[in-house]
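Listed in order, the protein sequences are those of chains A and B.
Heads up: the first sequence begins at 1 in the numbering used here, then just goes up one per residue.
Heads up: the second sequence begins at 1001 in the numbering used here, then just goes up one per residue.
I should point out that these hints are in silico values taken from the structure, not numbers from a laboratory.
Predicted model only: the values in this text are computed from it and were never measured.
Ideal placement from N, C-alpha and C gives every residue a C-beta, glycine not left out.
Don't take each hint at face value.
As the list claims (entries may be wrong) - Result set (SDA-like, lysine to any residue): computed pairs, CA atoms no more than 20 Å apart in a straight line: (1) A:Lys167 - B:Asn1386; (2) A:Lys33 - B:Leu1680; (3) B:Lys1590 - A:Ser165; (4) B:Lys1387 - A:Thr227; (5) B:Lys1577 - A:Asp252; (6) B:Lys1342 - A:Ser165; (7) B:Lys1577 - A:Phe58; (8) A:Lys167 - B:Phe1289; (9) B:Lys1577 - A:Ser229; (10) B:Lys1577 - A:Thr227; (11) B:Lys1385 - B:Ser1448; (12) B:Lys1387 - A:Asp110; (13) B:Lys1776 - A:Thr22; (14) B:Lys1368 - B:Ser1104; (15) A:Lys275 - B:Leu1680; (16) B:Lys1776 - A:Asp252; (17) B:Lys1776 - A:Phe58; (18) A:Lys275 - B:Phe1592; (19) B:Lys1099 - B:Ile1075; (20) B:Lys1272 - B:Gly1323.
Claimed, not checked - Not close to chain A: a few residues of chain B, all C-beta gaps over 10 Å, as computed: (21) Tyr1426; (22) Phe1576; (23) Thr1674; (24) Val1690; (25) Arg1747.
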Amino acid sequence: MKNILLYILILFGLLACEDMETVVEIELPPVEKELVIECYLEPGQPFRLLLTETKDFFGDLDACPFVRNATVVLSYNGQKDTLEEAAFFNNNCDPNDIIPYGFIPFINQDSTRFYNYGSTQLCPLDYQTTFSIEVWDTNGRYATASTLLIPPSDIYNFVVDSNSSGKFYALLSTLDDIATEDYYRMVLHKTSLTKRNNTNSIPVARRPKFDRTLDDGGVFAGNQVTTASNYRFESGDTLIGTVYHISKAYHDYLESVDDAQSANNSPFGQPAVVKSNIVGGQGIFAFLSYDRDTLLIP
Amino acid sequence: MHYYMFFFFFSAPSFSQRLFCICMFMLPLQVHLYAQQAYTISGTLRDASNGETLIAANVRLSDGVSGTMTNEYGIYSLTTASDTVQVSFSYIGMNTVVKRFFLSKDTVINVELEAGVSIQEVVVQAGSNQEKVDATQMGMDEISAKEAKQIVAVFGEVDILKVLQLKPGVQSGSEGSSGIFVRGGAADQNHFVLDEAPVYNPSHLFGFFSTFNADAIKNVKLYKAGFPAQYGGKLSSVIDIRMREGNQKDFNISGGLGLISSRLTVEGPIVKDKGAFILSGRRTYVDIFTSALNEANKNNEDWAKIPDYSFYDINLKANYTLGPNDRLFLSGYFGRDVFLFKTDDLNFNFEWGNAAATLRWNHTISPKLFLNTAFTFSDYLYQIKNKFDDFDLSLGSGIRDINIKTDFSWFPSAKHAIKFGFNGIYHYFSVGRFSAGNGSDLSFEAGSDFHALELGGYFSDEWTISKRFKLNSGLRISAFNNAGTFYWTAEPRLALKYSVHPQVSLKASYARMAQYLHLVSTSGASLPTDVWYPSNERVKPQLSDLVSAGVSIAIGRDFYISGEGYYKWMQQQIDFKDGANLFVNNELDKEFIFGKGYSYGGEIYLEKKNGMVRGWIGYTLSWTWREFEQINNGQPYHPKHDRRHDISVVVLWDIPWARKKFPLTLSANWIYGTGNATSLPTGRYISSDVIGQNAFQFVPIYTERGSFRLPDYHRLDLGLVWTLFPQSKKRFTSDLTFSVYNVYNRRNAFFMYIDAIYPEDNNNSSTQVPERFEAKTVSLFPIIPTVTWNFKW
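Only chain A is shown next, with the shape it has when bound in the complex (with noise of 0.2 Å):
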């Protein structure tokens, strides 16, 4: 009798001790395939833009997002520009590839991501003119947005402080606008935007340390907007620290996508609708209005 209750304590006990998770089957209905844009204009830079569509969520992971063949016309004080498709060499978006043979890309300034539309003509530094896209594609789907220009904001202060230990946090602020209602994203990279990657012909930007998306609700010293990292940088260590002065559309979708990326792995999470100024579509159509600055910790 002893030992039976003892072999049954052990069971509980190996029981109690197994994985939590469980895989369960659950069928989620079919969404509707938008376009999704995401486009970012910067003054002196040609005109890019990445145009894919939605999947379900459970669709095929290998399939080529890309949307071929679409129209695709940037207009601005009175022009138009219509953007080229990206290079494919077999010209055929592989519905086995997420990235297919002969994909060229278009590749930006500091090679961190890449866009399949693009165009030779630059971006103006045009702060009166409203920007428009639009876009069409051989399925008969129709997206828009506009977006205008803002100036940036200056970095105020990118310093490096270090603790008795010899480490170092790095703090970046800019000087806020009181009058307006303002937006910014900060972001901390150390020795680099990018990184190499071996495996993949597509660029990589390199992970931030931080990356914060602010408004100008919480203001240090009268008009600053600051950010700060942990202390984690050594003598030696090289930092990058830029300063987006965006827009509210640019910043509300920011924050909905983090907030609808978020909510799936969390009990206490709601879902989140993206916040998107793509009309007919979903994406994002913003300005990178921006200052950069480096520094290396002596």
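Assemble chain B onto chain A, guided by the hints.
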């Protein structure tokens, strides 16, 4: 007055305004209807073993019609015509006392009931089911701590709130949580009252255990409909918890050793038969083991340090009888949860908890008029203190109440039981108190304080119109002031009972409730970091209107069946904008969005409280909806706690053949519930982003809120209470409680998510495409066997 109300009734534009008119019309009418010659029998019922007053004990006349129950202070008052009367006093598990005498004047009879020698020999409360059938009150459940201790609990921790979750119409938020959702109401719409002091976050361990130590608790009443007029402040339920008063006869020490905590209670007379005290405490000891493990592995580089977590609570109560008509009570509660995580660089300290205190004076003005005045204090706070390297961060919120209240109970005739009173509460809110800095060039502070005043006054009359009809009508007026913004609400209450047979009655009720305090929580559950926020110019009070109707049937002396249907409308419900910043935000209310809710359903409840086999079966069929313009494209959706079917079966069995030498009581619970509503992304797209952490990061697309269900929930728990050496004459007694939670090891889902599965050879998921996606559920509690040893000396 009546003509005016008659006119207003027919011109009133809304249903609730018409009900208000009915109440106003009936109140004065009832008071002066009866003036016949009669005398009052009154007094207090106590447990003979320790002198504690008995709540909800039965007092019945032999006519089989007249009767009452003791109130929350053990006091009764029964008025009847001058005659030879036979009065029986009974309480579950105790021998009935019968008094026969000629009633020629107002008479005080204080009775002490003695425990039955064994369950079978006890003359059980034949009248208890009858009282339920006769009462106008519906939608009320009552649990004594003694009953709760016989029901299996996770980790052997007796939890009175989890027992309430087994009643129909009451749902838990998630697996293992002690949070309750009553008839579609939200987690913040429950009014927890511990000895008349509100408790704002009644849970330990992030909601898995309630703050109420069963050793210190006497009785719990849950009101989910037909709310008596003395209660207000929350929309969906009132959970009135009464602490034990202590042993007036003898000193006792009792306690227990459990899997995760130990308990100790000391009680005894201050002056024998005049006053008593009780001091009860419990503490978890998981942190003692985790600290030892961390210390033993401090030189092991591979060791992942385990955070230290503990909770403790202390209950104290003292009472003293000042004279035949006066009694003074002092009670207090203090509890804290402590979560600590220390590494070389990080010192994370998270503490939260409640404090509550009540000073109460019971005064008998006359055999027909009783006064209870209480001064209460309540405090809830959480504080996170985080030190990372040289950075200090502190975040905290809290609410503090100071309340004075006076309640009168007046029994002017055999036909009327009138209650009236008022209260005033001063609220202090500390919201999002945040500070951060490194002591030199970095410093940041945020947070808001609010001061508010909440007032309430009420009047109600339980009017026995005839043998068949009984009407309880009441009106509560509540008011709230915060920084010059003033709200007031008339809250009519109405309950009607019609006896179609002495053991069958039909009941209906209506109640309007107003709530001026709101819990800021995005989780849908109750977490310690949730913040209480007052109504203001932007945040209007929440309102609910609840109608319910049902039937109550007593079958013999053992069985009681009830069936109830309800519909509840809820206005000014609060949710939050997507991406709301709820932590460091001086204008938190700008993140709120407002909508409405409604719920409806039916409940069936079968109970057997007497005999060797006891227990209940409850079934609930319900629908809960929320509707916000900014959520789900303005379409109604199910919140997480919407549950279509909910079944609870609770059985207690005193095993007859083991009774004398080894008394054994077997208990079993089986719970089934439709899976909670949940939201899942149905689509996705890739995003490159500017920063480009992952060239193939997926952005999930959520299309509809609450459109999926977690897998159905079901679970069987078994328990066995083994009384050790019951025939011993020694003062020391003890028992062993064996329990197995989740006997068939069901993996009930705590939540569901979609996981990205990367190829096994992938060493950098930030640049690779997942192989596939899988939907996964995460469970918390597998089968958990527990042994608890309890003792009393």
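Checklist entry - Hint by hint, which ones does this structure get wrong, listed from lowest number up? => result 3, 7, 8, 9, 10, 12, 16, 22, 24, 25
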